[in-house]
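Taken in sequence, the protein lines are chains A and B. Counting in my numbering, the first sequence runs from 1194 upward without gaps. Counting in my numbering, the second sequence runs from 5 upward without gaps.
What the hints contain is simulated information worked out from the structure, not anything from laboratory work. This one's a predicted model, so the numbers in the text were calculated from it and none came from an experiment. Just so it is clear, CB atoms sit at the ideal spot from N, CA and C, and this is done for glycine as well. Honestly, I wouldn't trust all of these hints.
Said to hold, decoys possible - Computed from the model, here is a short list of chain B residues facing chain A with C-beta under 8 angstroms: (1) Trp132; (2) Pro136; (3) Asp152; (4) Phe156; (5) Leu158; (6) Ser159; (7) Arg245; (8) Gln247; (9) Tyr262; (10) Ser264; (11) Leu265.
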Amino acid sequence: MNRKFLFVFAALMALGALAVPGSAQDEVNISHYFSGELNQDNLNTIMSGFTEATGIAVIDSPIGHEDFKTGILAGVAAGVLPDVFSYWAGARVQFVVDAGALQPIDELWDAAGLDDVVPAGVADAATIYNGSRYFIPFNIHYAAFFYNPKVWAEASIDVPDTWDGLLEAFAAFEAQGIDPIALGSQFRWPGQFWFDYLLLRTAGPDYRAALMAGDASYEDAEVVRAMEMWKELIDAGYFVDGANAYDWVDAADQVANGDAAVTLMGTWIGGYWKGQDLVPGEDYDFFDFPEIDMVPQAGVGPIDGWVMTTTANAESAGALLEYLINDVDTQTLWNTSYGSLSPNVNVDPMVYDVVAAKAGASIANAAVYAFNYDLATTPPVAECGLDMFSAFMDDSSDIAGTLATTQACAVEGFAQ
Amino acid sequence: MNLRLKTSQRLWTIAFLALPLSVYVIVVIGPLLASAYLSLTDYTFSAIASPEFAGLKNYERLVNSKKIHTAFQNTVAWMMAALVFPTGGGLFLALMLHERIRFANFFKSMFYMPITISLVVIAQAWSWIYKPDWGLLNTLGVSLGIIDREVFWLSERGLALASIIFAWCWQQVGLSMVIFLAGLTSLPKDLLEAAQIDGANYRQSLVKVVIPLLLPSSVVVIALAIINSLRSFDLVWALNRGQGESATLAVEMYEETYFSLNAGYGSAISIALFALAAIIIAIYFSRIRYLEHLYD
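Next comes chain A alone, as it looks inside the complex (with noise of 0.2 angstroms):
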């Protein structure tokens, strides 16, 4: 008896440790990047006022931005993944999807009646993988030249229209001292915008579809022209001194603070702006990546938005994935607050503010609206650019090098 008592307390003991706790009906788990400056306070009294609605309680684990990339991916990998997370449409939850990680949501769809919700460019470009949807969009942002009017109209130059007078602003602010353009690329993602826009204002989006799909190489001419462009800018000394010591939030700063004429920098930036009490339009404007060759003139954004697991329980899960998206309030509070346009067309466009309001034009008036190169492209390639990006920015000296390495490591990337 003590012998077997002995073994069975020890196998308990033991097996305790890997015990995994399964989640209820009354309650979803989930997980997101919006944290700190990015809105975080606003997402929790949307959760709240979910549970309200609902009584299905949210538990809510955030992770910082940059740690969430890698989090999501380990989770895939390892099985264990929470019930609801927010992620970026595009090449990324294409990912989670071949892994087989995500609950498709055509039902909820379709009995949500979201097609009279979501405009059908928005849910044909971010919603539908592999012929099913599976992401619930949550927030449109638009990546253009962000700057401060007042520093602008100090300095007596105007907002410019054409690629020339872009660089000839530029010059005038080099000229007096201020740097031209702000960049903080610490943790590199800031930097691709400058690919992205570059490469479609020259190659156009159809080419840099291609690359991103790996029916291009990154030793093209059309690579080449645009990372030479981009060296020109370096070579002039237009970009602040040492970009990779600062983050996106630094660059937002000397933006404002007028030690920098204008940042490459999503909408969220407003979102950060408001948080520092800055009034759109008078405060922080943006004007938009100016033609360079006759192609389709893109904009560059990422749609944000909430994805469902295969464990998840499809009831509550797919409530808040509604809620998240159906409900008016939510979208607009998220939206104002963000800095960024709502997928929902219901949302009143008299909420948003002038910039918002802007971005919203700006998208609607592009010929194409592309992902941002990290979310274009798949995760490991992701990770050659972003590489490239950031070195680019600590040396610009061997574009021919540069390119063969990260076309190296493109090729290894897609063969996963």
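Assemble the complex: chain A is given as a structure, and chain B must be docked to it using the hints.
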């Protein structure tokens, strides 16, 4: 009767060892074996494909990788710095504070405090110190006329690694100090008195008596410094993510595994790091055995 008692003892031993051994196997031995296996595969950390045997391909890539060469050099540089600065600084502080100086306990607490703080918090504090535009170091440097432009402490090649190692040494010196202080407290007083009676001055006592008798403490301090330096990841990651060619082997392993999703290759780096640590630990234990023999 005697035999029954032994069996019972054995069962109790098994029962009480079962949990810690199971946990050890699950969290240490299992992952280690899994890593060793994965290092011989092309596993891409994707749930889509299962690992395929790739032989020594990952190790071949590792040996030929420029990034890994840099990371290895950085790790070795870190280890060398760990041998010199926290050890030397800790010994110096311990010798100073062991003397009967005023507020000795206050200073001991102050110097030890950094070791009680999380590395992430330390990284945050040092990132403010190193900030190019409004950081303490640049602000002081400019106001004192030492520098005339912003220094990019965490992103310039050559400087980034030194800056991170300095922040790490600042934290580690308190740990060395405490171990040396413990060693100094347990020194046999009669030997020191005998040296004084024989006419030895402070320097002679220090060099001929104190430091040799602190050898056991030194072995612990040096071993800890080396092992902690080999694990150098958190501070690099939190401060600059390997910018300015400051990545260590641990950082490369993390990046390859979790960002580029090359789990097979990342595992090979981790096994190489493990081998390096194992060699150091083997030297450490042989040194301990030698000292035990010496003091016997």
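Quick rundown of the hints versus the structure:
1. Trp132: At about 12 angstroms, which exceeds the 8 angstroms cut-off, the nearest Cβ of chain A leaves the hint on Trp132 of chain B violated.
2. Pro136: This hint holds: Pro136 of chain B lies near chain A, its Cβ roughly 5 angstroms from the closest one there, short of 8 angstroms.
3. Asp152: Because about 13 angstroms separates Asp152 of chain B from the closest Cβ in chain A, which is outside the 8 angstroms limit, the hint is violated.
4. Phe156: This hint holds: Phe156 of chain B lies near chain A, its Cβ roughly 4 angstroms from the closest one there, short of 8 angstroms.
5. Leu158: Since the shortest Cβ distance to chain A is 6 angstroms, the answer is holds.
6. Ser159: Holds, about 4 angstroms.
7. Arg245: Since the shortest Cβ distance to chain A is 7 angstroms, the answer is holds.
8. Gln247: Hint on Gln247 of chain B: holds, closest Cβ of chain A at ~5 angstroms, below 8 angstroms.
9. Tyr262: 4 angstroms, holds
10. Ser264: The hint holds - Ser264 of chain B has a Cβ within 8 angstroms of chain A, the shortest such distance being about 5 angstroms.
11. Leu265: Since the shortest Cβ distance to chain A is 5 angstroms, the answer is holds.
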